[in-house]
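K.L.:
Listed below, chain by chain, are the residues.
4 protein chains.
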Amino acid sequence: MSAEIKGLNEECGVFGIWGHHEAPSVTYFGLHSLQHRGQEGAGICVTDGEKIDGHRNLGLLADVFKNGELDQLHGDGAIGHVRYATAGGKTLSNVQPMLFHFQDSSLALAHNGNLINARTLRRKLEREGAIFQSSSDTEVLAHLIQRGISDDFYDNLKAALCQVKGGFAYVLLTEDAMICALDPSGFRPLSIGKIGDAYVVASETCAFDVVGAEFVRDVEPGEMIVFDKDGMHIDHYRTDTQHAICSMEYVYFARPDSNIAGVNVHTARKRMGVSLAQEAPVEADMVIGVPDSSISAAIGYAEEAQLPYELGLIKNRYVARTFIQPSQELREQGVKMKLSAVSGVVKGKRVVMIDDSIVRGTTSKRIVKLLREAGAAEVHVRIASPPLKYPCFYGIDIQTRRELIAANYTVAEICEQIGADSLEYLSCDGLVEAIGRPFPAEKYGGITMAYFNGDYPTGLYDYEQEYLESLEESSLR
Amino acid sequence: MSAEIKGLNEECGVFGIWGHHEAPSVTYFGLHSLQHRGQEGAGICVTDGEKIDGHRNLGLLADVFKNGELDQLHGDGAIGHVRYATAGGKTLSNVQPMLFHFQDSSLALAHNGNLINARTLRRKLEREGAIFQSSSDTEVLAHLIQRGISDDFYDNLKAALCQVKGGFAYVLLTEDAMICALDPSGFRPLSIGKIGDAYVVASETCAFDVVGAEFVRDVEPGEMIVFDKDGMHIDHYRTDTQHAICSMEYVYFARPDSNIAGVNVHTARKRMGVSLAQEAPVEADMVIGVPDSSISAAIGYAEEAQLPYELGLIKNRYVARTFIQPSQELREQGVKMKLSAVSGVVKGKRVVMIDDSIVRGTTSKRIVKLLREAGAAEVHVRIASPPLKYPCFYGIDIQTRRELIAANYTVAEICEQIGADSLEYLSCDGLVEAIGRPFPAEKYGGITMAYFNGDYPTGLYDYEQEYLESLEESSLR
Amino acid sequence: MSAEIKGLNEECGVFGIWGHHEAPSVTYFGLHSLQHRGQEGAGICVTDGEKIDGHRNLGLLADVFKNGELDQLHGDGAIGHVRYATAGGKTLSNVQPMLFHFQDSSLALAHNGNLINARTLRRKLEREGAIFQSSSDTEVLAHLIQRGISDDFYDNLKAALCQVKGGFAYVLLTEDAMICALDPSGFRPLSIGKIGDAYVVASETCAFDVVGAEFVRDVEPGEMIVFDKDGMHIDHYRTDTQHAICSMEYVYFARPDSNIAGVNVHTARKRMGVSLAQEAPVEADMVIGVPDSSISAAIGYAEEAQLPYELGLIKNRYVARTFIQPSQELREQGVKMKLSAVSGVVKGKRVVMIDDSIVRGTTSKRIVKLLREAGAAEVHVRIASPPLKYPCFYGIDIQTRRELIAANYTVAEICEQIGADSLEYLSCDGLVEAIGRPFPAEKYGGITMAYFNGDYPTGLYDYEQEYLESLEESSLR
Amino acid sequence: MSAEIKGLNEECGVFGIWGHHEAPSVTYFGLHSLQHRGQEGAGICVTDGEKIDGHRNLGLLADVFKNGELDQLHGDGAIGHVRYATAGGKTLSNVQPMLFHFQDSSLALAHNGNLINARTLRRKLEREGAIFQSSSDTEVLAHLIQRGISDDFYDNLKAALCQVKGGFAYVLLTEDAMICALDPSGFRPLSIGKIGDAYVVASETCAFDVVGAEFVRDVEPGEMIVFDKDGMHIDHYRTDTQHAICSMEYVYFARPDSNIAGVNVHTARKRMGVSLAQEAPVEADMVIGVPDSSISAAIGYAEEAQLPYELGLIKNRYVARTFIQPSQELREQGVKMKLSAVSGVVKGKRVVMIDDSIVRGTTSKRIVKLLREAGAAEVHVRIASPPLKYPCFYGIDIQTRRELIAANYTVAEICEQIGADSLEYLSCDGLVEAIGRPFPAEKYGGITMAYFNGDYPTGLYDYEQEYLESLEESSLR
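Chains as they are written, first to last, in this note's numbering: chain L, 298 to 774; chain D, 298 to 774; chain C, 298 to 774; chain F, 298 to 774.
Note that these hints are calculated values from the structure, not bench results.
Here the structure is a predicted model, which means the values were calculated and not measured.
Keep in mind that a hint or two might mislead.
The list cannot tell twin chains apart, which means a pair is met if one copy fits it or any two copies do.
Only pairs whose alpha carbons sit at most 30 Å apart, straight line, appear in this in silico DSBU-like list of lysine-lysine [what the hints assert, rightly or not]:
no., residue 1, residue 2
1, Lys455, Lys686
2, Lys686, Lys662
3, Lys526, Lys635
4, Lys635, Lys612
5, Lys686, Lys348
6, Lys666, Lys491
7, Lys633, Lys491
8, Lys455, Lys421
9, Lys491, Lys644
10, Lys612, Lys491
11, Lys644, Lys662
12, Lys686, Lys635
13, Lys662, Lys491
14, Lys363, Lys740
15, Lys491, Lys635
16, Lys363, Lys635
17, Lys644, Lys421
18, Lys633, Lys526
19, Lys635, Lys455
20, Lys612, Lys662
21, Lys348, Lys526
22, Lys740, Lys421
23, Lys612, Lys363
24, Lys633, Lys740
25, Lys740, Lys526
26, Lys612, Lys666
27, Lys633, Lys455
Work out the full structure: start from the sequences and follow the hints.
P.N.:
This is the structure we're talking about:
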């Protein structure tokens, strides 16, 4: 389902290319394939070796660049960003890449993730006289670099990377190089590819297919990789790292054609559906998925359960562009814009409805209602991931425990609230196995399960206090 | 697949409502669900019983009404239109509804379909002094009405309807009534629903679900139905009618959640896939569908063939909004925007690729190539309809026989051209049976098969000569 | 003063060029110099000998063509129009040039003036089956031509010109020629110029200076002049003509750098000021003019009266672009946007305030108040034209006698209403002499004085009844 | 003449209001009257006592706020800015007011003027780790404040004001107060007014008339004035000050209805014209002024010389909005957009053409040519200020001595270059006396004459070297 329906928002997507004479165009097409990771703003910065120029604005990528802005950008190195606002409000100054002009040089910076000690760092920096131009946590890194004591940019960058905590996949651009760096837990995906002699980096491998690049390798936790005239240079800013890939990338965020840590997302989702069918079977006439992110799991469930997979829910393809909402009266009359239940398909049938997750429960309740109004005889909800009970602090916008229905109600209570005939979730083990333990030697196979079990791989810094309070407030546990 | 990829374009969608105090809003939401039928222009006209106002413009519905234009429209009766340009160029004057102001009254007119004697009628009208404001065939009806000899508007309308030939689903609005009329062959779908006491008409029943309306009945060929303060009045402008519903509505155009002549579109498509699996089985590892219109058939094929159904092709959801195209050089490097093949899914696999139809063959060729580049071991193309050999003159934009690959090459030749390992089409009988003969007593069960077998249900009028020439030119037959 | 302040609106300006390879650009710059004649809409049509294309929209010329629309227009012949809405509402369909596409030809039409029998003609045409696309009176001519019985376009055009009554300066464009025609009374100005071998026509000669053209001659009443590949062809559609040039062009509308019937407008206005000083002297310290149209008369008055001419009123140059209006409360606090009185200049002084005319009196009242608030000791208002008592039906927007203060109150009453210390108008004779009797042998020297004395040079047709009623209603006369 | 013609550009206008419940609207209307001081960008910041919000963009004020942005701004205190780019490029980040968000507070900053040690200060600040978000010199002040060592904001502000050199009229906004400050030489005008209990500050007093405010006093050099809930508090950040008001404000920049240091601008200009007539009489038939800024001087000249004052040059009122320029070919054919000479007025006449100043000479040459082409028999140019020989570093955009024609050629040479029959300038003494020595005890009566005689009232700091080099390069002196 699209972000605005679900209340579960990815933060961003980054893309960069070094050594290609159509760098801005390739970046545009790369970002286009990452648009699902952020629809609130977009931007591209480019260097011709002398200076860095850029353009960014609020809105979808295509709208940001609709008046020929791309033709104004020239150079062989470029980075780009599509944004959803995790931290920092919805204003132009927060749109990335951020571009900083110093006396003798420039720096562009794009960031996917969320820093968990940004508030502390910013307070300290402001006390020392720093002026921030945005409310985004991204800008902190630039100030840390600028205040670095070394004469060497890379030394200052490494020192700065050691100070920021949380989830981050950074792509930076100077006049001389493109640099990427991943946080020590590898929360956010970041991969390297190649088109001829040019290097590309992207949040998801789907971007490589779109721009005709070959996959080279994933960026590893703790790495800082520099691309310059001499090629790729792999370096580390720290080595005490682990793999703790965000499991929600597999469950919900990433495009099904992307591979994360070598695991294809569609395939992982289909296996979640298969496992779910094994763990939570039900007598029914058909399986339907909530479009778009639950389609793969629904197919897997149907195959395993030997039930027909049907298009019982249709999503309006044009909904992203509409700003006109039905009045309260029309809503009560049944006017709906995003999702339709297909009565010709579900009427009189016992339906298994597969969804990837439940956040607040309101959407599930609405869909169950749609299906019943369309004549479904029974609606059995099956969720292809475990109950979401704990917030994410590393870059997904589910930061309030109070809003998570599973943090406050039992499965039986949720089932009743959403009006389903039955409700079952995939188990934690089921999810880990479905993803397939990309790093078998590491905890949970190298993925983060914190949203489901509270087992955060890092300290929580600025969020510690608020997290503890939310645990106490919660009616469950 | 979306219109711009395929080269197969629906012409329009119409919507109307009578007797609802939020008529313009309901029309907006109704049109929104019909946006797939036309993305080039949109408009709404509304009457408050005294006058008719309207707004229309080029572009998507949401863009046309993005600056509060909807708030300017007030009244209990409204009609709307989303447009693809069948006849008449891409200019504002051709966007509908067309609104005509006479001295003492007004008339708004929305049209789905294509007239086949418009050129002749227009020539005659211009000779008599008529001035046309657009190049659209739609305007002809207004001139015929205006020149009617009766004092009664409905008499003149009926006389005018008897003069126009071809495919048409008209919705008209006067200060006193909403009127709809369907051509004598019922080429285009048009249905009636109800919200409380208000009547709605729409090109597809999916619009009823979206606005919370109940289905009442389909408009029958030759009917002219008036909705006014006294309710619905069913009348006929002629009675020598037949059913010849456009089969391509089932195959490609309509939304899967719509019912046409009582047949659910998704269900019909799934049955096409089932029949195709029976008629043209193949040893393979998986079935994939070309999104979006071939998904249902692919599911049907997979179920019948007992093969896994996989997401091997991903469509970029945001492509409709992008006007920036890759340069020739980038295209050669492999930059693509609309469709990605998922190598993580298809690599090393024998793939059955289901598509709803092949028009020029260029798209199929491209998709087969994508799949091979993504590592597919074999690509077996199966088309869920018979070969498209003859143009449509009733409202679909496939008017040149020269462009139809199946009119010029054998199936074996097409298979070679698109680079598939094998290619098979559904048979004509298979299609008719899959749709299910909604009018069993009529030829082909009441659907038009002309695109596949040249059996046009009407004379071709203005197109006769050009059609005959195209038959001679064609290398086949 | 600008149109929106005054309540006195010119209807339009026309421009055309034939035989110049940058015809659309020259038309743009010509229209730009005529922008004061209409700020509500603008358009240009162009022919390359094969077809006619055009672009038009609501708004100022520069806004209408701000997105490169001019680059889309190519050809050697072009006509253009800037519009103020005399007859016909403020909608796109009324913006000119109107472009009509017939089967084998096209016609573009631009009109400055107002027809006085358009309602009658339109009623008749609609009864015969005509459909009008606009509510503008301009379209009538096209229908009359189209219904002409001759095979020759020019014969039909002449016959049509004989049927329309009132004030009109037409410029037409076909694929083969540009045509201009003037009404039999010559109400509206229209002149011919030349740039190299190319002919230009324009509502005012200021356009010739701007595009580098030389003045050739004025179009005479009753003439129809054709410009084609063989040059200029002067013809008449009727010969029973007179000169009755709109005197308000001299008083208020035209640019001071234009010549009308050989008389420079600034010079005429200055002479009005001189005559006014002779007819209505007053003891005072300075003379100020209401910008912009009264500046020339104020200079004339000052020179004749031997008083200093001062800038006591300043107009904000940027006001045309602002759509934000002060709230009622702010207005009461004294917030004003258009005109400021300069207290540094007028404080403690006896001021002669020259204005070109008084329409409703509200503006004069406001300006007198501004001057008093700025400290003026005395404000003596002198109007450089006679009292406006009768409406214009030939193209100026003062059609309601009820609104004309001088039609309802004596000069003494008006003086009191506007709060002036004294008020005097120029006499009718004074105006005629100041303009200088361009056609000495004709009544009033060839100008229309109807607005001041009710002596209309033509019958009033559609307006007759309403005019007679207004005379009866009026409290004066 | 307008800025784009002349090559002489004012930098900015500022406006602020404290204690008015429609503060943003009043600021809008105040800025509207200052639009002549900057057309490249505009913005407004507002505080409700809790936070500061703002909106700014490139373009004219009316365009910046055309989509309801003003309705989003609420609060009792507001500041605004219209900008021409003196220092810092033409990008959004340089548009003011600049708004800085700190952890516990915000600061908005608007600046009229130019700092002459900004480069040095910025270099120093960047070395200490500061990151600048713009290339504007305005931002320097914010960094200086932020790095202040005191706990008291006002102490830090005063210390910062002591560090910046050059011309500045600052208006600042915090959640608690509006503050204004003027440089120690008082180069730029800044006045205080009152509407009821609310205080306003503005670059020119014309803004007070427009918003209905009464003039209270001018801000004096070295003052820092705070407006808060307790009213107005006058303070000084330094006391070793002088008056050195920019004389070009009187000559060219300010609106004629403004008073600067108690001197009305129109009156001063008229006196310049009178003095010029005395110093440089000529036998002629008429006097014309180059619109708009030379009108007052022309009137003065005409009165003193007892010659008729005529409108021999007409400026197109709509030119500010046009982005379409004539092609080279059309320009050569005589297409012009901005200014027309009125042949009906000047033909065969000996003309005295009054202009306020000559910068590069190109404009004067063009106007003389226009007048000759319009038939003027003689053109005698009289300039109502002394020859411009030295650049301004305090806020006017004439920073290159190489571009100043009078720095490189004698008056006789300039006369020949511009093609005039004679050329004379007002003397320095004449200018000082015409302005009227507002501070009689101070040098030049308290105004800056540096542009004419090189007598800069301050050191030149960052510009010293470049200035000395330019002196050497210059062919004169």
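K.L.:
Can you give the numbers of the hints that this structure goes against, from lowest to highest?
P.N.:
1, 3, 5, 14, 17, 19, 22, 24, 25, 27
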